[in-house]
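Asker: Read off the chains here:
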Amino acid sequence: MKIFQVALGILAAIGGFVDIGDLVFNSAAGATFGYQLLWVVVIGVIGIIVYSEMCGRIAAISKKAVFDVVRERVGFKAGLVTLIAAQVVNLMTLAAEVGGVAICLRLLSGLPYRWLILVAVFGLGAVVWITSFDWIERIFGYGGLCMLVFAVAAIKLKPDWGAVAHGFVPHLETKDTLLYFYFAVGLLGAAMTPYEVYFYSSGGIEEEWTEKDLGLNRANAIIGYGLGGFLSFALMIVGGALFLPHGIGPETLGSISLGAQVPLGEIGLLLALIGILFAVGGASIDTLFSGAYNFAQFFGWEWGRYRSPAGAPRFTLGWMVLLVLALGIVMTGVDPVQLTEYAVIFSVVALPLTYLPILLVANDRAYMGRYVNGRLANVLGGIYLVVILAVSLSAIPLMLLTNVGQG
Amino acid sequence: MSEELDIGLGVVDHQLLDSDGRRCGNVDDLAIEGEPGKQAEVVAILSGPGVWRERAGLLGRLAAWIGGGRRVRIPWDEVAGIESHVRLKKKATEYGLGRGDDRARPWIAWIPGSHR
Amino acid sequence: MRTLSSIVRRKVVTEDGGDLGRCYDVRGELSRSGLKVKGLVIGRRGRLEHLGIGAQASASSNRVRDGDVIPWEAIVRFERDTIVVRDPWSKT
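Protein chains in written order, with numbering that gives the first Met the number 0: chain A, 0 to 406; chain B, 0 to 115; chain C, 0 to 91.
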């Protein structure tokens with residue numbers, strides 16, 4: 000029975016670890032540079048595995064989530080700045096995802112976009128209020144499984160597998176160097192989304208992880224994000240095999256879904272839209288809760304998705320207010336795909352602010368006892384600190400120099 | 000049996016838990032009594048938005064204003080233990096802590112299903 | 000009555016103006032009878048010390064950091080932005 004549960008968990012993970020940032024950047028990277036950036040996705044996936052494993056371990060041993068740690072480690076003032084930066088990025092991401100859900104609903108139903116934004120917001124709010132979290136993870140996880148259609152599509156498009164393999168080797172074969180690095184930064188940012196880490200670490204506390212769960216933590220991180228990486232490969236391969244040769248820029252979720260429709264017909268399109276709807280919808284719930292968790296953890300409020308809403312009123316109001324704010328942002332008519340690009344780039348800029356305290360605490364015996372980072376974790380953790388700092392500093396300049404990826 | 004610790008790192012900014020294990024704020028600052036050159040000790044925990052004013056400059060004052068500016072003083076005798084959180088001996092309401100949640104509750108409580 | 004936040008981050012100087020660095024934490028002694036203040040933890044690396052960089056790696060699980068501790072008894076007075084301590088004070 001245990002194997003069955005693990006398999007279910009894996010299935011749910013496939014749907015749960017791809018969000019709108021991955022969709023947009025992986026498809027666009029494929030459409031612009033073919034398979035050349037596949038190696039960056041590998042780096043991003045390993046990075047998020049390292050980061051979340053540390054956060055999960057910190058949650059299990061020290062019983063603290065990310066913003067508990069940030070505040071304790073860098074103090075109130077720097078912590079408050081970090082909180083504000085994180086929440087701005089979270090809100091942008093949430094708005095982009097809510098908009099993405101509305102777009103999918105429009106593509107599926109043909110109803111007007113503005114109404115569907117309201118449907119999306121109230122629908123998400125109702126799901127969060129009524130449904131238990133186990134069911135939320137199942138529904139959105141299994142629904143997101145439909146994203147596997149992109150893996151099937153990638154194979155059906157018969158890409159040059161030699162070129163695909165070559166893409167896993169870091170190389171630079173283009174004159175468009177700035178644009179190449181812009182996409183590299185975006186792909187790393189999309190893979191290492193901070194809200195996933197906030198959500199994951201808070202989840203570890205909610206599940207009351209202890210040292211017995213460290214293996215589970217590691218498995219979750221590796222399998223979950225590994226599968227997300229696998230889907231990201233599929234999206235980029237589809238981009239390279241279909242969009243690049245035809246000069247299509249996947250600038251809307253509709254055109255991204257073309258990637259499944261062209262090789263697989265109407266059923267491919269339907270599965271792609273359903274998969275995107277559930278993957279992005281599930282991601283929006285994760286982002287929503289991350290925002291509420293961050294406020295609650297920083298200010299010391301009661302929090303938890305297993306608590307009754309009245310048992311954690313400010314936490315509950317927190318996610319409600321965030322949902323309303325996201326509604327407002329999407330209602331202005333901003334393009335969710337454009338907003339996604341900004342959200343990913345800004346999240347990259349803010350990434351060191353939460354990564355560094357986590358790395359420090361993971362090494363702190365007062366918090367971790369004998370479960371401090373071993374040599375591998377520290378080597379990887381240190382390498383990624385350098386990577387994250389480099390990417391964070393170059394993100395905005397690259398964005399400006401490439402005119403947000405327009406080249 | 001005594002233990003050395005760095006107070007800023009080990010106590011300040013840590014989560015407060017009451018006797019029921021309810022989260023009720025953070026240790027936002029500590030009150031120390033004792034003239035320079037003589038014995039000094041920590042006499043109280045200070046918690047609440049009003050305490051943030053001194054800790055983060057302009058941003059802190061803004062946050063304090065948004066938060067309502069209350070300060071709560073908890074005598075150090077009320078500390079039951081310091082582990083990963085700071086545990087207090089009595090319930091939050093007895094100290095005047097957790098008022099923010101109490102004030103926010105009516106906004107939620109009328110919605111069906113909020114007491115599950 | 001003084002708050003911890005008002006002590007931390009001040010510069011620490013000797014009576015004749017010598018600069019000893021900044022106070023980035025306060026060393027205490029926790030026991031059943033209370034939390035006594037032992038001294039000021041000073042260092043020259045500024046913010047890095049508060050983050051815990053350059054310290055630790057000791058096998059002890061104490062929540063203490065390396066860095067010199069000036070005993071509370073060595074403090075002469077608190078000025079507006081600085082803490083003045085007696086000179087010399089023992090480093091051991």
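Since the hints were made in silico from the structure, they are not lab data. The reader is advised that the hints may include incorrect statements.
Calculated lysine to aspartate or glutamate pairs in the DMTMM-like style (CA-CA distance at most 25 Å, straight line) [to be verified]: (1) B:Lys90 to B:Glu34; (2) B:Lys89 to C:Glu28; (3) B:Lys89 to A:Glu207; (4) C:Lys35 to B:Glu2; (5) B:Lys90 to A:Glu205; (6) B:Lys90 to A:Asp212; (7) C:Lys37 to B:Asp76; (8) C:Lys35 to C:Glu72.
Computed list of chain B residues with no C-beta within reach of chain C, every gap over 10 Å [stated by the list, open to error]: (9) Arg54; (10) Gly67; (11) Val78; (12) Arg86; (13) Arg115.
For each residue, glycine too, the CB sits at the ideal point set by N, CA and C.
Asker: The structure should be examined with respect to each hint, and the outcome stated for every one.
Answerer: Hint-by-hint comparison with the structure:
1. B:Lys90 to B:Glu34: 33 Å, violated
2. B:Lys89 to C:Glu28: 23 Å, holds
3. B:Lys89 to A:Glu207: Distance of about 24 Å is within 25 Å: holds.
4. C:Lys35 to B:Glu2: 10 Å, holds
5. B:Lys90 to A:Glu205: 22 Å, holds
6. B:Lys90 to A:Asp212: 31 Å, violated
7. C:Lys37 to B:Asp76: With a Cα-Cα distance of about 19 Å, the restraint between Lys37 of chain C and Asp76 of chain B holds, given a limit of 25 Å.
8. C:Lys35 to C:Glu72: 12 Å, holds
9. Arg54: Check fails; 5 Å does not lie beyond 10 Å.
10. Gly67: Holds, because the least Cβ-Cβ distance between Gly67 of chain B and chain C comes to about 20 Å, which exceeds 10 Å.
11. Val78: 8 Å, violated
12. Arg86: Fine: 13 Å to the nearest Cβ keeps Arg86 of chain B off the interface.
13. Arg115: 39 Å, holds
Going through the hint list in order, the structure does not satisfy hints 1, 6, 9 and 11.
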